[in-house]
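K.L.:
What follows is the residue order along each chain.
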Amino acid sequence: MSVLYIVVPVALLIVAVAVGAFVWAANRGQFDDLETPALRMLHDDEERILPANDRGPVSPP
Amino acid sequence: MTSVRCLRCVHCGLDVPAGFVEPGAASQFCCAGCRVAYRIIHEHGLDQYYRLGEKREAAVRSTQRTYEEFDHPSFEDLYVRDAGNGLSEVELYIEGVHCASCVWLVERVPFLLEGVARAELEVRRSLARITWDANAVKLSNVARMLDSLGYAPHPYRGVRRDALRRKEDRAMLVRIGVSGAIAGNLMLAAAALYAGWAGGMEHEWQLFFRWVSFVLVTPTILWPGRVFFAGAWSALRARTLHMDVPIALGLAAGYVQGAINTIRDSGPIYFDGLAVLVFLLLVGRYVQQRGQRAAADGAELLFSLTPTTARVIDGAGAVHEVPAEALLPGTIIEVRPGETLAADGVVADGRSQLDMALLTGESRPESVGVGMKVYAGTVNVTSPIRVRVEQPGESSRVAKILRQVEESGRRRAPVVQAANRMAPWFVGGVLALAVVTFVVWRSRDPARAMDNAIALLIVTCPCALALSTPLAVSAAIARAARRGIFVKGGDALESLARPGRIFLDKTGTITESRTALVQWCGPEWVQPLVLALEAESTHPLAAGFRAAWPEAEVPRACETTHVVSGGIAGNVAGHRVIVGSPAFVKARALGSVGAMTSRMDASLTPVLVAVDGRIVAAAGLGDPIRGDAARSVARLRSRGWHVSVLSGDAGAVVAAIGRELDLPARDCEGGMSPEDKLHMVEKVRDEEDGPVVMVGDGVNDAAAIAAASVGIGVHGGAEACLSAADIYLTRPGLAPLVELVRGAERTMGVIKRNLAFSLAYNLAGAALAMTGSINPLVAAILMPASSLTVVLSSWHARTFVESPA
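For the protein sequence lines, the chains are A and B, in the order given. For the first sequence, the working numbering assigns the number 1 to the initial residue and increments by one for each residue that follows. For the second sequence, the working numbering assigns the number 1 to the initial residue and increments by one for each residue that follows.
So here's chain A without its partners, still in its complex pose:
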């Protein structure tokens, strides 16, 4: 049972890391908009639609 003396502090450490990661993510704005990214992932990567040399400027009408 004395393994608990190691396991529990390790578990607490993991909790601390997870909480730290969450706080970091929240402060970086990862949870600010939960709607748009869900739509954004429906789009394919632009490289496949648009070859790099095709990105010329357009003058709007």
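Facing chain B, a subset of chain A residues (Cβ under 8 Å, in silico): (1) 18; (2) 26; (3) 36.
Simulated from the structure, these hints should not be mistaken for lab results. Ideal placement from N, C-alpha and C gives every residue a C-beta, glycine not left out.
Dock chain B against the given chain A, drawing on the hints supplied.
P.N.:
For chain B alone, coordinates are given in the frame of chain A:
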């Protein structure tokens, strides 16, 4: 003809008007804007846009504006931020965003324009954040590109408050996350302790887990729990009892006593309960705040009502587009038909008709001429005018009304919820009981006195009580949203649960807010002749005729002459036809009209028709009453509501509507300015006991809506009115209003049930604690059980269901 009607615009999916059909072309467009948008998308290989599936609901229209003002220095001062690396950043409110393909297209702008670094779109609020290199590309270019794709951009003025709010939101989320993680882990340690308590545990391990709990609970008290101490402190300083007071007291007492017991190695520790308490209370608070937040959210959109630019004519006669903020009194601005006035002023040149619906709610355009006062926010309908600015920007009448909206929003008491009203009593009671418990036990068994008093504070923890109202309300709000009723704050539902006074706006609320032919006295053969003339006119009444007889075969009219605020005359199929106001037609033709107009309703605009010098027909055009209005009003009245009509329209019109709805004449007020409506609502709110509800759809109602105890915006309303409203009905008509009132009654029922549940739990817990028979295991079961009951009871309540028609 029928095959032509089936053509769909390749870009927006709407029907292609006959005049735009190109025979033989593979791609058809409904308008020039769609053609341009399609070309840009196609040329850049972005055709995937059309495969993203969703059909556009409205025509994609380019406004063809120059957006010159976006490059003006004063625009830059107001909206543009420095994003570092020589880049600038701006937030634009984008019209017409609603689906995945919109996100995709807007975020492709950097590929379409060199110099644009990033474009990010937030769908929920239609806000695009554009980062660009000001040296490489002008913002007006970016704006024109967005516009030509069908997404007209507007500057967004709420940036600073947004940043503040985002910070607040993040801090709240962090607190919930931290307290949740700690509560979960503490429960594990507590489970080990309870299992040991039942099955026997070596003292060494018991001590170990007590210390682990102590280590875990400390950050939750000091970090997320701090908000309760802050709340309690400010409540005490204001000499009131707030829900936070017993919570803070319980947390502090439980924590200190638990810490002492841990160090002394005897007696219960309360750490698991404390951690869960903090977590649940924070969640409840978050749910509550989100509802209130939505209410404040729309307020920013108020500003998009008045245009952001105006065309100024300088001394030399040249025309410049400048931001509306840069307008000075005395400047001459030009307003073309279809444009909105940017400032209050006096007409300096030209005659036209203005749609004043924004200010007066009056559905008929009013004629204006040189020297007449005109107001910002009204729309020029017929011909270009020049206006000398008198009150620009913040001093304009519409800005003042909008400020009143904001002020009433602020003045309104903070959400007074059932639980909050009970809080001082509850808090006082719990504190008194704790003292009694302590004193009584002290004389009997001093060792257990402190334990029992703390057990009482913890077990009567009001978390079920605190959750009961916000949970029931948010569940009801979610259900209501599925029925097309958008509720912004829980307090609105609470107010609607008992009957009071309902003020209905006329235009758009009771009526359909469009001009239609309601009465026609005359032979049928005249109809095509009238249509032929009206086809030449842009007057709103003409649209009423066209909508009434869409199938008629229309001959061509020639030699037509228009007389402003009079009528129209011309030759059609060999006849001399005159259509117009009674005065106009009577001056040019003979015939008696008494028989035709005597039966005409006062609410209608009369139009006479003369053919070859004789008056042959009379038409009554007006705004038809919605089909369900009379029945809905009757049902509201049967539920005890006092229904009145407030309208900016003339008294006779409103009285006629009142008769249709079977309302007594004293409850139908006509000729009300936005200010009158506001005063009326404020007066009744202060004098009468029950809730005062204002239902409307225009900016002229916005101030009254904001001042009412519950403001309701109806389908198709102006955005200002929607943002002032507590509730927005997306389905047309008044039937959703009846549904809303019934739903609110049921929601209050659920709240009362929840409160009864949690109070019962608390009473039982208090009794157990006072008799000293409570132990950690019972407390651990009682607390979550009470919260769970409340959660289940809220989510399964059938508050908003389809009501039998």
